[in-house]
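Colleague: These protein sequence lines are chains Y and V, in that order. Remember, our numbering sits 114 above the position in the first sequence when you count from 1. Remember, our numbering sits 114 above the position in the second sequence when you count from 1.
Don't take every hint at face value.
No copy labels: a pair is met if it fits in one copy or bridges any two.
[What the hints assert, rightly or not] Okay, derived cross-link-like pairs now, EDC-like style, lysine to aspartate or glutamate, Cα gap no bigger than 16 angstroms in a straight line:
no., residue 1, residue 2
1, 309, 214
2, 337, 298
3, 303, 185
4, 172, 229
5, 316, 290
6, 330, 298
7, 330, 319
8, 316, 291
Since the hints were made in silico from the structure, they are not lab data.
There are 2 protein chains.
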Amino acid sequence: MKDFKVIEVKRSIFEDNDKDAAKLRDELKQEKTFLLNLMSSPGAGKTTTLRQTISRLKDEMNIGVMEADIDSDVDAATIVETGARAIQIHTGGMCHLDADMTRQGIREFGTTDLDLVVLENVGNLVCPAEFDTGSVKNAMILSVPEGDDKPLKYPLMFSICDVVLINKCDTLSVFDDFSKEAVEERIKKLNPNAKVIFVSAKTGEGFDEWCDWLRKEVADWTK
Amino acid sequence: MKDFKVIEVKRSIFEDNDKDAAKLRDELKQEKTFLLNLMSSPGAGKTTTLRQTISRLKDEMNIGVMEADIDSDVDAATIVETGARAIQIHTGGMCHLDADMTRQGIREFGTTDLDLVVLENVGNLVCPAEFDTGSVKNAMILSVPEGDDKPLKYPLMFSICDVVLINKCDTLSVFDDFSKEAVEERIKKLNPNAKVIFVSAKTGEGFDEWCDWLRKEVADWTK
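Bound conformation, chain Y alone (with noise of 0.2 angstroms):
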């Protein structure tokens, strides 16, 4: 049996990590940056979510985006265009990030001007929800095609997210066994605080009441 090996070497890592986590935050208080850690299934619509939030906020604050991915730019090159700052995170097969890569992002990228910083995780809706990236909040994005079981299939993510956007709402007709009623009351069985916001990356639909969470958490963060 190997399974006492694993176990071990994954608990003295996430012990490391909650203390960098909490080390990281402090120093992020400090420099008055909120910093958002933003998670999904690959394809639920991170990015254009990412585009649609900055063009609205982006004369209110300074923003800038990391982009995590196994291999590729095309995110950052998309988000560069919107005007915000951006850098891409190669994680080299890693699944996830952690607070120590996290900061390795935040030092590379200088974030001391920033007003809000969002981190694009690795498309996944099981590792990343396992290590605190050293985050003011946690957000995810759960996209109508994907269906509105994932709550009771991937219930960790859900559980530990403080506020979940339910993208493309644009497409409920088209994908017409998705319950928003059956999605909300799963999330909110696991996670009673968690905000649930109904929106669409593509036609903006939600990004008022999205943009209006997001613009109060940052003021009362860098107060």
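Keeping the supplied structure of chain Y fixed, place chain V upon it in accordance with the hints.
Modeller: For chain V alone, kept in the frame of chain Y given last:
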């Protein structure tokens, strides 16, 4: 730096796993059981694809499904409705299956009378690609709503699959920025031998070709 420690442990796991996987494949060959490892993002349509596949092949061969999930039994319950045998494997938080976990499932399930066993892996485009499960062939599903750029972002997954099903093709008119040509070109660049089949598990489009591929592979292995 914790990198060294982590990499050492991962390497030893991979080496053990490769041996385990080869051994499991030998056992399955003796028992004339074909094991297919089916992978995808959360919500790409693995279970619906399996239902459509089982309904077409169940009179020709004995089929079993092993549903791997971090939590919940919803997929196994859905598969049992088709008349195929199914078990649910709970991974206890693990983001993938390795060969040892797969063998535990195979032995618990009792597969000696089955021609085709499908392992529905955890919904994740990253970690499952790193672990040989002992399957005879690897298949993956990419769904149209996820976008045609996914081979650029998750290259390992696309590199190790023998067949890639592009699912939810009935929604191509809604997701009109998805290019069938671009996605196939990106997959072939990573993996020239991969078979790419465009399907819709909802309408049955493309399932003749997919079932022909599967029928031939099972026949070759179990003869």
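Colleague: Now look at each hint and say whether the structure bears it out.
Modeller: Status of each hint after checking the structure:
no. : hint      : result
1   : 309 x 214 : neither (28 angstroms within a copy, 40 angstroms between copies)
2   : 337 x 298 : neither (32 angstroms within a copy, 50 angstroms between copies)
3   : 303 x 185 : between (36 angstroms within a copy, 15 angstroms between copies)
4   : 172 x 229 : within (10 angstroms within a copy, 58 angstroms between copies)
5   : 316 x 290 : between (19 angstroms within a copy, 12 angstroms between copies)
6   : 330 x 298 : neither (23 angstroms within a copy, 44 angstroms between copies)
7   : 330 x 319 : neither (19 angstroms within a copy, 48 angstroms between copies)
8   : 316 x 291 : between (21 angstroms within a copy, 12 angstroms between copies)
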